[in-house]
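In order, the protein sequence lines correspond to chains A and B.
The numbers in my numbering rise by one with no breaks, and the one at position 153 of the first sequence is 154.
The numbers in my numbering rise by one with no breaks, and the one at position 218 of the second sequence is 219.
All copies of an identical chain are treated as equivalent in the list; a pair is satisfied when it fits inside any one copy or across any two copies.
Simulated pairs of lysine-lysine, DSS-like, Cα-Cα distance not exceeding 25 Å:
(1) Lys20 to Lys131
(2) Lys20 to Lys108
(3) Lys246 to Lys20
(4) Lys224 to Lys131
(5) Lys224 to Lys67
(6) Lys20 to Lys67
(7) Lys67 to Lys131
(8) Lys131 to Lys174
(9) Lys108 to Lys174
(10) Lys224 to Lys20
Bear in mind the hints are in silico, worked out from the structure with no lab data behind them.
Protein chains: 2
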Amino acid sequence: MQQPIAVLDSGVGGLTVVKEMMRQLPREKVIYFGDTARTPYGPRPSREVLHFTREIVDYLLQFRPKMIVIACNTATAVALEDIRSRVNVPVIGVINPGARAAIKRTKTGVIGVIGTQGTINSGAYEHALKELSPHVHVISEACPAFVPLVERGNFRSNETYETVLSSLGRLRKAPMDCLILGCTHYPFLSDTIAEVMGDHVELISSAEETARDISTILHDQRKLARGDQLPVHQFFCSGDPAIFKQITLQWLGEQIELTPVVWQVPQIG
Amino acid sequence: MQQPIAVLDSGVGGLTVVKEMMRQLPREKVIYFGDTARTPYGPRPSREVLHFTREIVDYLLQFRPKMIVIACNTATAVALEDIRSRVNVPVIGVINPGARAAIKRTKTGVIGVIGTQGTINSGAYEHALKELSPHVHVISEACPAFVPLVERGNFRSNETYETVLSSLGRLRKAPMDCLILGCTHYPFLSDTIAEVMGDHVELISSAEETARDISTILHDQRKLARGDQLPVHQFFCSGDPAIFKQITLQWLGEQIELTPVVWQVPQIG
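One chain only, chain A, in its complex shape (with noise of 0.2 Å):
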């Protein structure tokens, strides 16, 4: 039997992910939780982020995934080394592979960094770029506003267009040459935020990137699925599922069988 990747978030912004799994890796099953009781986690304390994220992957482990992608920019930067140690199955962020991804592309070596409030101040991807290259200069930048922008679906309106300039008007003033999305949201607003930027600006969408790097492990590891049946994704929330069906309808369009399942993720406390 075809083993799925899991893919877990907070709420519905990792769809972003699937959606480019479904793009570059159409062979692979997905499945997917969203944490859409609980949502959001970025103002959630890092101890809880933690204990959430934990009790989700123990969940998914049911359905023996061949690989665990954390698709929600807090949950890595908070959880990522924590089940790395846990499972034994590659895991993955959506941090490392924009970080990668902006180092491959920089010239002048500024890289910009937007994202929540939690993952700016958690330095996650300031760590990670200088990880791998000590000389890059990082600017970041949380952007609060843009998330319920994107969860009221108004992704090119003038308010949206003056809610990413005010937000990025000190990014703009800088010389860096690309700028990481570090939410899973924010590629929903990408036409507006490269009209803010400019051309020279190139927008780095952690999704993409993620499903590039996935699809990097599975090759080096010998498990990308083989076969012409196209695999039949399962998507989970703990919260109401009419909603949950209704977003991610919209977001990876029709031609998606859905039947959300519930569930009822362990209460609080």
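Once you have looked at the hints, place chain B on chain A.
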């Protein structure tokens, strides 16, 4: 002691991969072997390329590398799977990284590939692309005139432009949006190739992408080099060390200390 990454090539083309490794992974120590006495591999029978590649890998194993990079498209097409089955460290070629990057970038699903006659005839890129995504359409063209231009250092002349223009005539009419430079020599012609193909076609450099994938695999296996000490690379060749030294210094920059060590390759028998 820091374990090195062993890089092997039929000659000097693989230095483009080393240059990218030095940029993207400045902490990693490289041991390079260029089989300059027996270059080029392109026109040789597969059996011979396989035999040479095995010989060089056996030679390089004395340095206890943590990874082996086959930085030659012909040797990758012929010998990658064989070498992977013979050694206990990760082995990476230059074909899959370019294929993965093209799958990531393409929107039209039409991908161009240029390479030597040997690489194009092997169908290795098409195989790697279809293994990932059965839906992509691949258009390939052998460009035998390119390597001689590069080896003469003729990167940007009128002759170069005319040669590139006539070699890529068929590809220019295809609706592709990315073109894989499937030969480690071609990045030296990338300005001219970009001019001929136009802005709507993104060039994918196997060298850049291979360095990126080396980074991904080392990170996954927790083998990234640490510390602040800059590594001292070592370069070996099988042919004239004076010519090899001159080209290596020209390509990698004058700051490299370089005393090429000659290994007398076994006679072909």
